[in-house]
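These are the residues of each chain, in order.
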Amino acid sequence: MDKYQEILGEIDKDENDKEMVAVLNKLSNYTVPEPTVAMTSSLLNNLKTVLRENDTSSNEAPFIKPIDRVAIQKTVDAGSLLSIFRLVKPQMNILTWRFIVTTSLIIFAGIFLTSGDTSLIFLTNGAPILGLLTLFYEHRAQLYGTNEMEASCPYTPAQLAGARIIVTLGYTVIVCLIATGMIALSFSDILINEKILLWNTILAWLAPMVFFLGISLAVSLRLGIGYGCGSAFLIWVMQIVFEQNDFGNRFIQAGLLREMPMVFLVIGLLLIAMHIRYLRNEIDYSQNG
Amino acid sequence: MVGIISDEELARQLQQGNEIALETIIARYHSKIFSYIYRMNKNYHSANDVTQEVFIKVCRNIKGYNAEYLFKTWLYTIASNTCKDYLKSAYVQKTIPGFAVADNIRDYEDTPEEFLQKQDEREAIIEVLNQLGDIHREVIVLRFYEDLKLEEIALILNIPVGTVKSRLSYGLHTLKRLLKERGGELG
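Going line by line, the protein sequences match chains A and B. If you're matching positions, the first sequence starts at 1 in the working numbering and goes up one per residue. If you're matching positions, the second sequence starts at 1001 in the working numbering and goes up one per residue.
Note that these hints are calculated values from the structure, not bench results. All figures in this text were calculated on a predicted structure; none of them were measured in a lab. A few of these clues could be false.
[As the list claims (entries may be wrong)] Selected chain A positions facing chain B (Cβ under 7 Å, derived; list incomplete):
1) I11
2) E19
3) Y30
4) L43
5) K48
6) L51
7) I94
8) I121
Note that the Cβ used here is the ideal one computed from N, Cα and C, for glycine as well.
Please construct the entire structure, taking both the sequences and the accompanying hints into account.
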């Protein structure tokens, strides 16, 4: 009767509802035949067979198709630079639409909300951050511990790194060039006045961006991409702080930094080249034989 | 005092291929799943086949079972889906128009008169149950005969608890109306 009370309570009926109790009584008349002992025994035998099949299939070593390393070697070596360009397209897919829209909107909104020199300062300081974010986003698979999976693909780490650097630089440069165009439209002196050449404007953001990318890649060789981007970000913050204080201001005013963008650009490119060269020489995942 | 091993622990042992665990699970659930399927498709032999299929699915998919969830609801979910697939199958649609008459069950302690009376009552309730929609009948079977809680039924059928409650209420009220219409006195 407890079960009846419970069910009647669930359908908001009084436990003394005689009609409903009678319905439940009628329901309890519906008995069903039990499975026979033979049926249970036969079922058990069948299931044991299934269970053993399960075990056998899971214990067997998975059959791995032998890798044709010569063919892979040929494919990968057939024009190392060509292989990198082949890799660029899949690496581009790593940049999601959400990332592209968010980051580019932040840069364009920054340019839109500032004017003249402030726009230039914003772009000069924003480009390295955009570069670092893109680089980190491209390498975020490392956070999921998929290094081994990457290592098992026929491309070398150097080729992968090359493709990712192309994507990072490509995306950042495109966004910053559009931003430069926006500045040029509102600040026509850039195109007209010979003192401020368009090239100088581009160099103003390109140099620090390449420099900070170089630093993060160089550090990532030892500490991983997270620390690489983190340390580059720290240096970026220090640079901003340095520019804000009196000594930094005097340093800039003295014109000592006038020739610096090109130096930073070269240092950055050298660090990137060093990164790729290191991966090419030191890390060899290929297994001969 | 020896504790009873939980269903979830048995399932964990079954994942490792333990045949004793399989025997215990069958001892606990064979009859229950069989009666559930029998009440849903009304045929002794097909109930046996479908029950067999349910347990084969359990064994094949046991590695995918997450022991954080109740084994009972997982098992009944498989049973419910297998039963629905069977009832939807071309074979059933072609060969069993409506439901077959339920098999007779005789308690040999009954006199022939008592047996006939029980048989009449049983067929009457089967008939009115058959007049219910599948969704309402299934909830009544799971709640009344399988003694599952509303929350467990909700998990098995993947519907909110409120829906289970309303289906149960609607089903029982419809049964009451149908039984009255048949001229039987209630209460």
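Right, here's what the structure says about each hint:
Hint status for A:I11 relative to chain B: holds, with the closest Cβ pair at about 4 Å, below 7 Å. A cut of 7 Å between beta carbons decides the hint on A:E19: the least distance to chain B is about 4 Å, and the hint holds. Residue-level restraint check for A:Y30 holds (minimum Cβ-Cβ distance to chain B is 5 Å; threshold 7 Å). Hint status for A:L43: holds, given a least beta-carbon distance of 6 Å to chain B, under 7 Å.
Given the 7 Å rule on beta carbons, the hint for A:K48 holds: about 6 Å separates it from the nearest Cβ of chain B. Look at A:L51: its Cβ gets to within about 5 Å of chain B, closer than 7 Å, so that hint holds up. A least Cβ separation of about 30 Å between A:I94 and chain B goes past the 7 Å threshold, and the interface hint is therefore violated. Hint on A:I121 is violated. Least Cβ distance to chain B is approximately 54 Å, over the 7 Å limit.
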